[in-house]
Every structure is written in C-alpha cells, then in structure tokens.
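Q: Spelled out from the first residue to the last, the chains are:
2 protein chains.
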Amino acid sequence: MDIKTVTVSDFLAELGSGSPAPGGGSVAALSGAMGAALVSMLCNLTAGRPKYADYDALARETLTKSEALTQRLLDCLRDDMSSYNGVIAALRLPKSTDDEKAERSRALQEAYKSATSAPTNTINNCLEVMRLSKNLLGKSNATAACDLAAAGIEAHAGILIAMDSIRANLAVIHDAEYVKRVRAWAENAEHEAEELLREIQEAVK
Amino acid sequence: MDIKTVTVSDFLAELGSGSPAPGGGSVAALSGAMGAALVSMLCNLTAGRPKYADYDALARETLTKSEALTQRLLDCLRDDMSSYNGVIAALRLPKSTDDEKAERSRALQEAYKSATSAPTNTINNCLEVMRLSKNLLGKSNATAACDLAAAGIEAHAGILIAMDSIRANLAVIHDAEYVKRVRAWAENAEHEAEELLREIQEAVK
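Quick note, the sequences are listed as chains A and B, same order. Under my numbering, the first residue of the first sequence is numbered 1, with each subsequent residue one higher. Under my numbering, the first residue of the second sequence is numbered 1, with each subsequent residue one higher.
These aren't lab readings, by the way, just hints derived from the structure by calculation. Predicted model only: the values in this text are computed from it and were never measured. A hint or two may mislead.
Unchecked claim - Below 20 Å or equal to it, Euclidean Cα-Cα: the simulated SDA-like pairs (lysine to any residue) are:
id : chain 1 : residue 1 : chain 2 : residue 2
1  : A       : Lys-4     : B       : Ala-13
2  : B       : Lys-139   : A       : Lys-113
3  : A       : Lys-113   : A       : Ser-17
4  : B       : Lys-65    : A       : Ala-13
5  : B       : Lys-4     : A       : Glu-67
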C-alpha cells in the first residue's frame, strides 16, 4: 500500500483487514495530517482577505509550515507501516539454537526501538500542528473557528494513539536508559498536548 | 470530490484548500470511519483463531456492524459536504426586497437545520463505534489492544468535532423548540462518549 496513491476507501479496507499494518499508529499519523490540513484551510481562508489584512503574514507563514507538516505526517504513516513490518520480520527469525535465540532477541530489541521512532515523530509533528492552531486563535478567519478546534482535536487524538504505541514498545524494551529517556519525553509531550487542547477548545467556545 | 474514489493525498489537499467543503465536519466523519475500520481489524484478528474461539461469534457479529459503520460514516462525510454547500447557496440568495430577504432567511434556517443532521448522524455512528470497541475489551486479540483504544480515541475525536459543528448551527437557528431538543440530545451523547472513552482507555492501560 502506497499512501501517496491509495484511495480513502482502499486505505480503510486495508486498515480493517487482518494484515498487521496499517494499524493504530498509521491512523495516528493520518489524524495529525488531517489536523495539519485544517490549519492550511484556515490560512487559505485568511490570507489575502482585506478583513484579515493584519494576519496576512502570519497566515502565509503558517501555511508553509502546515503544508510541510501534512507531508511529514504522511511520511510518519509510511514509516509506521514499515517499522511494524520490521518487528514482524524479527519475530519470524529462527530460534532453534542459542546463537539463533540471541540473534533474534537482539534483532527484536532493535526493531522495537525502531518502531518507537515513527510514533515519536508523529507526536512531535502533531504537537507542532497544535501549536500552529493555538497561534491562529483570534488571528484567522473567524467563520472557521470550529475548524481550528477540529485541527487541535485531530492532532491531539493522533498524540494519544501514538503515545499508546510508544508505551507498548517501552514495555518490551530492555535498555533501561533508553526507556527512562523516552518515558520522560513522553510525559512532557503529553502534558503540553493537554494544555494546548484545553486552550484551543476554551478559546473557540 | 467523490469520497468513494478520492485518494488520501487529494482529500488532504482539498481539505487544506480555501474551498468551503470538506472541512471539520468531514474530518469528524472520516475520523469515525477510521475508528470503525480499526474495530473491523480487531474482529479479523480474533475470528477464526483457536486461542480466541470463545469470542469467535462476537467477533463475526461485530465485524458486520463495524463494516456497515465505516460505510455509513463515509455517507456522513458526503452529506456533510453537500449540506455545507446548501448553507453557502442560501447565503448567496438575493436580498434586495423584503420578500427576497424573507425567502433568504427561511432558506437559511432550513439549510442550518439540514446542516445539523450530518454531524448528528456522525455522532450517533461514532457512539456506536465506541460501544463496539468497549464490548470487545478483553474479548478480542490481546496483542492489538492498543488498536482498540485507538478506535475509541478516533471515534471520540469525531464526536467532539461534530459537536462543535452542531453548536455553531444551533447558535443561528431561531426555532427554540428544535434548539432545546437537539441541545438535550447533544448533552447526553457527549456524556456517554466521555464515559466510553474513560472505560476503554482504563481497560487498555
């Protein structure tokens, strides 16, 4: 499945099938990509309008960032699918001899770490979508304020889902130093996401 | 834009453009459709597996419902786009004479009510996705428990966004009886969604 060419219908069919990927991690990235696209929409509904001339520069500058974020989140979706397949490949390695067992275990640990990087990138990009949404509050087309809240809600949903993927990986990674570092980062990211969602939703209400 | 044939990339591009639809309401429906597809995935990873034989019937029965919900939520997406275009059409009616003003106002009120029905259907279908997710807790493939939580999170995000669309419409609808009835329904739906999300997330943690 190539995310650059797949139809929405086929993506949903593949998601609903019993194949290991796409799964929740891919949905998290697409959720964030929709949030980024909604930010782009707000920018396009603001830039060039005389009524919002004061925010024209902000809208154009934000648009460049939100369009890049949409693409980066589609990259996260692709990476999530391939890293998940990496875990499956490691799980299928032979485990008859002690050497094979050691090699399989090493490959699995690598694969779990690698599978943590896609949701980490998803979260960082979704946080950026939420920051852009917040920056546009009161500084963009007021008739589409609901869509700004929608952008925040989608990006936040992406973060929650990606966070669950990370926690599931950390539970089986032995490198204590790595686990500790990622866990601390995740707590901060989660806290920032909650704060941003609260601010965005309050402002739009 | 036909949601049955559009690619994910083109959907995101159209979403990010300054065209009035698709917007937040369409994203809400697609978010719910992804949730429904994740429920289908869980069913497909459960049905037919000896380890989960006890839940085979539940998985098969749920799959029929979740596949129908995916399609129904794509219908909501399509309806959301067309009802939004109905509001735009009413806004563009002439308003030079008193008769024209009265007719435009009547058409607008009809369009706002009609635009409330797509997010209402989105919410009802998303609630059903959340109920199906909750029913599968502890009764489906345990290795994909995270994806069950992801289904709940996506459907919940769809509800939050559709709720904002409804509130924006209610603010401009004059029919007090209608507004009161929808508002009471919305409060109940929001409460149920919060409860379901809490239960799903706690169970998966």
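Q: Now, for every hint given, state plainly whether the structure supports it.
A: Consistency of the hints with the structure:
1. A:Lys-4 with B:Ala-13: Cα-Cα ~12 Å, so holds.
2. B:Lys-139 with A:Lys-113: With Cα atoms ~29 Å apart, Lys-139 (chain B) and Lys-113 (chain A) exceed 20 Å; violated.
3. A:Lys-113 with A:Ser-17: 26 Å, violated
4. B:Lys-65 with A:Ala-13: 14 Å, holds
5. B:Lys-4 with A:Glu-67: Answer violated: Lys-4 (chain B) to Glu-67 (chain A) is near 24 Å, above 20 Å.
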